[in-house]
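The numbers in the sequence shown follow the working numbering, run straight up by one, and end at 110.
Keep in mind that the hints are not guaranteed to be accurate.
In the BS3-like style, the derived pairs of lysine-lysine whose C-alpha atoms are separated by at most 30 Å in a straight line are [said to hold, decoys possible]:
#	residue 1	residue 2
1	Lys86	Lys108
2	Lys86	Lys30
3	Lys108	Lys30
4	Lys108	Lys6
5	Lys6	Lys86
6	Lys30	Lys6
Derived CB-CB ranges, DEER-like [what the hints assert, rightly or not]:
#	residue 1	residue 2	range
7	Glu73	Ala26	15 to 25 Å
8	Leu64	Val5	23 to 33 Å
9	Gly22	Glu58	25 to 35 Å
10	Ala57	Asp97	26 to 36 Å
11	Pro33	Pro69	25 to 35 Å
12	Asp100	Asp74	15 to 25 Å
13	Val54	Ala79	18 to 28 Å
14	Glu46	Ala79	14 to 24 Å
Bear in mind the hints are in silico, worked out from the structure with no lab data behind them. These figures come from a predicted structure and were not determined experimentally. Here a beta-carbon is modelled for each residue, glycine too, at the ideal position from N, C-alpha and C.
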Amino acid sequence: MEARVKAGIWVSMALRLADIGGRSGAVLRKGDPDSGGILCVLRGREGLVVLSQVRDAEGRPAWLRGTGPAPIEDAVADAYVERQVKRDPDLWVVEFDAPDLVPPFEGKLI
1 MEARVKAGIW
11 VSMALRLADI
21 GGRSGAVLRK
31 GDPDSGGILC
41 VLRGREGLVV
51 LSQVRDAEGR
61 PAWLRGTGPA
71 PIEDAVADAY
81 VERQVKRDPD
91 LWVVEFDAPD
101 LVPPFEGKLI
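Model the full assembly from the supplied sequences, consistent with the hints where possible.
This is the structure:
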């Protein structure tokens, strides 16, 4: 299993990568700076996708399309995020401008 990067550091890195790529990003909700989980909201032309930080079967970091494969509306994404935050109050929520619904950082999508 790979070592885990602190959530606050990961969020800073992802925002920087978005900036370098000419995309905007913003922290919508700060979670635990050390061990909080992360939700990434990708705002595209066709709607939103919410990615949830998970681990794959080998324990490597990966991202799950928590809201499904198709883009959704703002209200559906907001409801999903709200449910997840109720379950885990340490969650970070970060939003990125992603016209193509591709995250500005590298990561395995499952």
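Comparing the hints with the structure gives:
1. The straight-line distance between the Cα atoms of Lys86 and Lys108 is roughly 26 Å, inside the 30 Å bound, and the hint therefore holds.
2. Our distance criterion of 30 Å between C-alpha atoms is met by Lys86 and Lys30, whose separation comes to about 14 Å.
3. In summary, the hint linking Lys108 to Lys30 is supported, as the alpha carbons are separated by about 23 Å, within the 30 Å threshold.
4. At most 30 Å may separate the alpha-carbon atoms for a hinted pair to count; Lys108 and Lys6 meet this at roughly 18 Å.
5. For a cut-off of 30 Å, the pair hint linking Lys6 to Lys86 stands: about 21 Å separates their Cα positions.
6. Taking the CA atoms of Lys30 and Lys6, the gap is about 13 Å. The hint holds against a cut of 30 Å.
7. A hinted range of 15 to 25 Å holds for the C-beta pair Glu73 and Ala26, which are about 19 Å apart.
8. The hint said 23 to 33 Å for the Cβ distance between Leu64 and Val5, and at roughly 18 Å that hint is violated.
9. Gly22 and Glu58 have their C-beta atoms about 33 Å apart, which keeps the hinted 25 to 35 Å range intact.
10. The hint said 26 to 36 Å for the Cβ distance between Ala57 and Asp97, and at roughly 32 Å that hint holds.
11. Our hint of 25 to 35 Å for Pro33 and Pro69 holds, since their Cβ atoms are close to 31 Å apart.
12. Our hint of 15 to 25 Å for Asp100 and Asp74 holds, since their Cβ atoms are close to 18 Å apart.
13. Range check, Val54 to Ala79: Cβ separation about 20 Å, and the 18 to 28 Å hint holds.
14. For Glu46 and Ala79, the Cβ-Cβ distance of about 19 Å falls inside the hinted range of 14 to 24 Å, so the restraint holds.
This entry does not satisfy hint 8, going by the numbered hints stated previously; all others are met.
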